[in-house]
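J.: Given chain B's structure and the hints, the job is docking chain L onto it.
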Amino acid sequence: AQKVTQAQTEISVVEKEDVTLDCVYETRDTTYYLFWYKQPPSGELVFLIRRNSFDEQNEISGRYSWNFQKSTSSFNFTITASQVVDSAVYFCALSEEETSGSRLTFGEGTQLTVNP
Amino acid sequence: DTAVSQTPKYLVTQMGNDKSIKCEQNLGHDTMYWYKQDSKKFLKIMFSYNNKELIINETVPNRFSPKSPDKAHLNLHINSLELGDSAVYFCASSQVVRGLASTGELFFGEGSRLTVL
Numbered sequence: 007a008q009k010v011t012q013a014q015t016e017i018s019v020v021e022k023e024d025v026t027l028d029c030v031y032e033t034r035d036t037t038y039y040l041f042w043y044k045q046p047p048s049g050e051l052v053f054l055i056r057r058n059s060f061d062e063q064n065e066i067s068g069r070y071s072w073n074f075q076k077s078t079s080s081f082n083f084t085i086t087a088s089q090v091v092d093s094a095v096y097f098c099a100l101s102e103e104e105t106s107g108s109r110l111t112f113g114e115g116t117q118l119t120v121n122p
Numbered sequence: 023d024t025a026v027s028q029t030p031k032y033l034v035t036q037m038g039n040d041k042s043i044k045c046e047q048n049l050g051h052d053t054m055y056w057y058k059q060d061s062k063k064f065l066k067i068m069f070s071y072n073n074k075e076l077i078i079n080e081t082v083p084n085r086f087s088p089k090s091p092d093k094a095h096l097n098l099h100i101n102s103l104e105l106g107d108s109a110v111y112f113c114a115s116s117q118v119v120r121g122l123a124s125t126g127e128l129f130f131g132e133g134s135r136l137t138v139l
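Keeping their order, the protein sequence lines are chains B and L. In terms of my numbering, the first sequence has 17 at position 11, counting the first letter as 1, and numbering is strictly consecutive. In terms of my numbering, the second sequence has 117 at position 95, counting the first letter as 1, and numbering is strictly consecutive.
Pulled out of the complex, with its shape left as it was, chain B reads as follows (with noise of 0.2 Å):
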């Protein structure tokens, strides 16, 4: 059975601070990709990030950037000289491959809140 777990319930940091958001995954597939979504206080959930399983590559996106390694089993993500405007909760997940469809499971979230 696939599990995603986020550690950190919520972080606080003061605006222009980096901040990393742990996640970390077990799957017994070896095909699989991992996500990052963030929610906003307004609900929606915004797509940040797909990685699959044998790109091991890190990705850099302005602020962004996520650090995905197979040997501890880690997909963080960083936020660089955070911004209020950043504030949210931050889901981790991981979807294995299947043929009609995909299933989603989410890690239980981080609220990141960014003080002024």
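Hints should not be assumed to be uniformly reliable.
Taking lysine-lysine and the BS3-like style, the derived pairs with C-alpha atoms no more than 27 Å apart in a straight line are [what the hints assert, rightly or not]: (1) LYS44/L <-> LYS44/B; (2) LYS66/L <-> LYS44/B; (3) LYS31/L <-> LYS93/L; (4) LYS44/B <-> LYS58/L; (5) LYS9/B <-> LYS62/L; (6) LYS62/L <-> LYS44/B; (7) LYS9/B <-> LYS66/L; (8) LYS31/L <-> LYS62/L.
Only part of the chain B face toward chain L is listed, based on derived beta-carbon distances under 8 Å [unchecked claim]: (9) PRO46; (10) GLU50; (11) PHE53; (12) ARG56; (13) GLY115.
If you are wondering where the hints come from, they were derived from the structure by calculation, not from laboratory data. Glycine included, every Cβ here is placed at the ideal spot set by N, Cα and C.
T.: Okay, now just chain L, sitting in the frame of chain B:
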């Protein structure tokens, strides 16, 4: 145009009532889902349909019945509502590439907040 749209966005009702939430996607995807987000923000899959066929049915009370009239629509009907059904229900869709498995990226609707009094 909204890619995945759900109605209603808010629903307040009494225990014991029956209610429906509708979902439509205009992305041309062939797979649609219902997820439930509880008061602790935990997201869990309930159902998935691929081309109108039910493919994922998690352990959900049979008071919940999804219906997919076509691949662009997936509705959720709930009978005999209970207090514990209060949650935000998210519809989502994804595309399965023919001959390959889905890469899993889900596009979510804005959610429907159901409050049972």
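J.: State for each hint whether it applies.
T.: These are the hints, each one checked on the structure:
As the CA atoms of LYS44/L and LYS44/B are separated by approximately 23 Å, the hinted pair is consistent with the 27 Å bound. At most 27 Å may separate the alpha-carbon atoms for a hinted pair to count; LYS66/L and LYS44/B meet this at roughly 16 Å. For the suggested pair LYS31/L and LYS93/L, the alpha carbons sit about 21 Å apart, so the restraint of at most 27 Å is met. Between LYS44/B and LYS58/L the alpha-carbon distance is near 16 Å, which keeps this suggested pair within the 27 Å criterion.
Between the alpha carbons of LYS9/B and LYS62/L the distance comes to roughly 17 Å, so the proposed pair stays at or under 27 Å and holds. Between the alpha carbons of LYS62/L and LYS44/B the distance comes to roughly 16 Å, so the proposed pair stays at or under 27 Å and holds. For the proposed pair LYS9/B and LYS66/L, the alpha carbon gap of about 12 Å is at most 27 Å, so the pair holds. Our distance criterion of 27 Å between C-alpha atoms is met by LYS31/L and LYS62/L, whose separation comes to about 19 Å.
Annotation: PRO46/B was flagged as interfacial toward chain L, and the flag is violated, the nearest CB pair being 11 Å apart, outside 8 Å. Because the smallest distance between the Cβ of GLU50/B and any Cβ of chain L comes to about 5 Å, under 8 Å, the interface hint for this residue holds. At its closest, the beta carbon of PHE53/B sits 6 Å from a beta carbon of chain L; the interface hint therefore holds under the 8 Å criterion. Interface restraint check: ARG56/B against chain L, minimum CB-CB distance 5 Å, threshold 8 Å, status holds.
At about 5 Å, the closest approach between the beta carbon of GLY115/B and any beta carbon in chain L falls short of 8 Å, and the interface hint on this residue holds.
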